[in-house]
Amino acid sequence: MEAYLAVVVGAVFAGGFYLVMRRNLLRFVFGLILLSSGVNLLVFTAGRISRGAPPIIPEGASAPVGEVANALPQALILTAIVIGFGLTVFAMVLLLRLYERLGTLRTDQLKAYLEAPQPVPGLPDEEAPA
Amino acid sequence: MNALLVAPVVWPLATAALLVLLQGRLSIQRTLSTASAAAQLALAVILLARVATEGILVVQFGGWDAPFGISFVADHLAAVMVLVNGIMGTAVAVYALRDLDADRERLGYHPMFHVLLAGVNGAFLTGDLFNLYVWFELLLIASFVLLTLGNRREQLEGGIKYVAANLVASMLLLTGIGLLYGATGTLNMADLALKLPLVPAGLATTLAMLFLVAFGIKAAIFPLFFWLPASYHTPPVAISALFGGMLTKVGVYALLRGFTLLFVADVALTHGLLAWIAGITMVVGVLGAASQTEFRKILSFHIVSQIGYMVMGLAFFTPLGIGGAVFYMVHNIFAKANLFLIAGIARWYGGSFELKKLGGLYRHRPLLAVLFVIAAFSLAGFPPLSGFWAKLVVIRAGFEVQAWPLVAVALFVGLLTLYSMTKIWLAAFWSPLPEGVTLRAGPAPALLYAPVVALALLTLAMGFASAPFFALAERIGAELTDPTGYVLAVLGEAAAAAFVAQGVAP
Numbered sequence: 001m002e003a004y005l006a007v008v009v010g011a012v013f014a015g016g017f018y019l020v021m022r023r024n025l026l027r028f029v030f031g032l033i034l035l036s037s038g039v040n041l042l043v044f045t046a047g048r049i050s051r052g053a054p055p056i057i058p059e060g061a062s063a064p065v066g067e068v069a070n071a072l073p074q075a076l077i078l079t080a081i082v083i084g085f086g087l088t089v090f091a092m093v094l095l096l097r098l099y100e101r102l103g104t105l106r107t108d109q110l111k112a113y114l115e116a117p118q119p120v121p122g123l124p125d126e127e128a129p130a
Numbered sequence: 001m002n003a004l005l006v007a008p009v010v011w012p013l014a015t016a017a018l019l020v021l022l023q024g025r026l027s028i029q030r031t032l033s034t035a036s037a038a039a040q041l042a043l044a045v046i047l048l049a050r051v052a053t054e055g056i057l058v059v060q061f062g063g064w065d066a067p068f069g070i071s072f073v074a075d076h077l078a079a080v081m082v083l084v085n086g087i088m089g090t091a092v093a094v095y096a097l098r099d100l101d102a103d104r105e106r107l108g109y110h111p112m113f114h115v116l117l118a119g120v121n122g123a124f125l126t127g128d129l130f131n132l133y134v135w136f137e138l139l140l141i142a143s144f145v146l147l148t149l150g151n152r153r154e155q156l157e158g159g160i161k162y163v164a165a166n167l168v169a170s171m172l173l174l175t176g177i178g179l180l181y182g183a184t185g186t187l188n189m190a191d192l193a194l195k196l197p198l199v200p201a202g203l204a205t206t207l208a209m210l211f212l213v214a215f216g217i218k219a220a221i222f223p224l225f226f227w228l229p230a231s232y233h234t235p236p237v238a239i240s241a242l243f244g245g246m247l248t249k250v251g252v253y254a255l256l257r258g259f260t261l262l263f264v265a266d267v268a269l270t271h272g273l274l275a276w277i278a279g280i281t282m283v284v285g286v287l288g289a290a291s292q293t294e295f296r297k298i299l300s301f302h303i304v305s306q307i308g309y310m311v312m313g314l315a316f317f318t319p320l321g322i323g324g325a326v327f328y329m330v331h332n333i334f335a336k337a338n339l340f341l342i343a344g345i346a347r348w349y350g351g352s353f354e355l356k357k358l359g360g361l362y363r364h365r366p367l368l369a370v371l372f373v374i375a376a377f378s379l380a381g382f383p384p385l386s387g388f389w390a391k392l393v394v395i396r397a398g399f400e401v402q403a404w405p406l407v408a409v410a411l412f413v414g415l416l417t418l419y420s421m422t423k424i425w426l427a428a429f430w431s432p433l434p435e436g437v438t439l440r441a442g443p444a445p446a447l448l449y450a451p452v453v454a455l456a457l458l459t460l461a462m463g464f465a466s467a468p469f470f471a472l473a474e475r476i477g478a479e480l481t482d483p484t485g486y487v488l489a490v491l492g493e494a495a496a497a498a499f500v501a502q503g504v505a506p
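Protein chains in written order, with our numbering: chain A, 1 to 130; chain B, 1 to 506.
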């Protein structure tokens, strides 16, 4: 099971890094989302896949009885998902603003458009002199 | 539960929450924000005093003993860094009162500023690797907002590079943490120090490389520094100063911690690589600075160059080298942030950051010129300013391990740093005012000068009365090269005995 998942993680990472290296920043963010999922899967796999009861300590006892599943990877992934969600949303908003103000999302055009921006028509130009 | 250890994180977070509720009421926000930053500085002073008298302090959260719960650990390094963060936070909070525009304040500058301080303190204090990742993300998201606040085009363009590089670094960090957990079954740093030697050497080194890249992007070492000069000059000066002084040093702190406590299985390889990186980082950064003609861009490239000196101290992996790296880091935070703040005052007078459009500041504003000389020549390593001692210690550590090429590079880069600082001096201060440029009348607001003077005094103190700073740096160097005390404080005596028995400690 772990070996199978390891291959899946590798494939997701490969896809993620391919997208991250594209010129279009939107693809970059998609790649980031893939990477983020890949990392979560990796943490899950690294914590070992095991069958077991939920890790709940019965009343009166001080340790769980019998074999229990490892709960820590889930806790880590849950945290990572929340953080990843927040960062992705921020990155998306940043891209949107960048596109509105500069008129491009291509990394090789950013410098040129900074000199001669082509903002999306119809939006107020905040840097225009009042 | 030791409340003092948690305070440097809880205090700014609570302040931030309160500031969000006060959104829009600028005068109350300003007062609260500044007062809270000063109180945080006071807390940091008390924390360092406690650590200095009682040794390493530890908190186990939720009553779960390490390695099962999350630990907060304040050794000398962490306490010093928290104190430096408190000083920088206060200085920048005061400076921002006059430097920041009301628009940015309305958009939420104040709460984000305190979230950033909380994230930085958390990263310094935590003793758990996953928790370190969480603090990194917290300070990152706050820094993203601060960097792009105001939505100017060059901010967005610089911001996207900063965001992209740091998000990829975060992914790599989390990958490293996941694999490290898979290999050892623990995330507590002290426990990792105990269990990593049991991991096959090849796997441990591979993991070390993942962490080197992840921390390296955050610390802006060669060849992962490109995002820094592309973005650090775009936000308002107060924010630039905090970023330039503090943020990359969080990455350096993580390198210092990781490559003394965790990844010491194959020192010849990992620290040998660090030595190469240090040398190239120094040279590339300083050459980049030499080609720039904008005040803040020159300073940004110099950040990269000076990160090289700190990594160089770490690469030697001796108590003197690491103590020197820490001394260098603290000196550099003060001097570098101060130069950014001075650039802001120069702009207040001259109306530009472009060296071509500045001039005559020495003749017309001698106080500013004196303050610049203190910070700039300290950065270049002039005796008896703090930068001279910092370089001296790191280079002496190089003599001890006979790393001649790296020592030569460090000395050569020092000369080039002097060239850059002289360039700013000649263009902005010494040369006459360019045609058609007039200096703004009247002295700049005292609130802009106050933090600059305070930081200049700290630089002078570290230079002229360096003995107590050296004593502290020596102690940190000894603590980091022999982490037995760290393991003892977090895990107790049995674990420390096992740690010594493993023979990892020198």
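Check before you lean on any hint, since a few could be wrong.
Here are the simulated DSS-like cross-link-like pairs (lysine-lysine), alpha carbons at most 30 Å apart as the crow flies [what the hints assert, rightly or not]:
#1 B/161 / B/297
#2 B/356 / B/195
#3 B/297 / A/111
#4 A/111 / B/195
#5 B/356 / B/423
#6 B/423 / A/111
#7 B/356 / B/161
#8 B/357 / B/161
#9 B/297 / B/195
#10 A/111 / B/356
#11 B/356 / B/297
#12 B/423 / B/161
#13 B/297 / B/357
#14 B/161 / A/111
If you are wondering where the hints come from, they were derived from the structure by calculation, not from laboratory data.
A quick look at each hint next to the structure:
Taken as a hint, the residue 161 of chain B and residue 297 of chain B pair is honoured in the structure, with Cα atoms around 15 Å apart against an allowance of 30 Å. A hinted pair counts as satisfied when its Cα atoms are at most 30 Å apart, and residue 356 of chain B with residue 195 of chain B does not qualify at roughly 57 Å. Between residue 297 of chain B and residue 111 of chain A, the direct Cα distance comes to roughly 16 Å. Compliance with the 30 Å bound is thereby established for this hinted pair. Taken as a hint, the residue 111 of chain A and residue 195 of chain B pair is broken in the structure, with Cα atoms around 48 Å apart against an allowance of 30 Å.
With a CA separation close to 11 Å, the supplied pair residue 356 of chain B and residue 423 of chain B stays within the 30 Å bound. A hinted pair counts as satisfied when its Cα atoms are at most 30 Å apart, and residue 423 of chain B with residue 111 of chain A qualifies at roughly 27 Å. Among the hinted pairs, residue 356 of chain B with residue 161 of chain B is consistent with the structure: their alpha-carbon atoms are about 27 Å apart, no more than 30 Å. The hinted pair formed by residue 357 of chain B and residue 161 of chain B meets the criterion: a straight-line CA distance of about 28 Å does not exceed 30 Å.
Restraint check for residue 297 of chain B and residue 195 of chain B: the C-alpha separation of about 44 Å exceeds 30 Å, so the hint is violated. A C-alpha spacing of about 22 Å is found between residue 111 of chain A and residue 356 of chain B, which places the hinted pair at or below 30 Å, so the restraint holds. Our distance criterion of 30 Å between C-alpha atoms is met by residue 356 of chain B and residue 297 of chain B, whose separation comes to about 14 Å. A threshold of 30 Å between alpha carbons decides the hint, and for residue 423 of chain B with residue 161 of chain B the separation of about 28 Å falls inside it, so the pair holds.
The straight-line distance between the Cα atoms of residue 297 of chain B and residue 357 of chain B is roughly 15 Å, inside the 30 Å bound, and the hint therefore holds. Between residue 161 of chain B and residue 111 of chain A, the direct Cα distance comes to roughly 12 Å. Compliance with the 30 Å bound is thereby established for this hinted pair.
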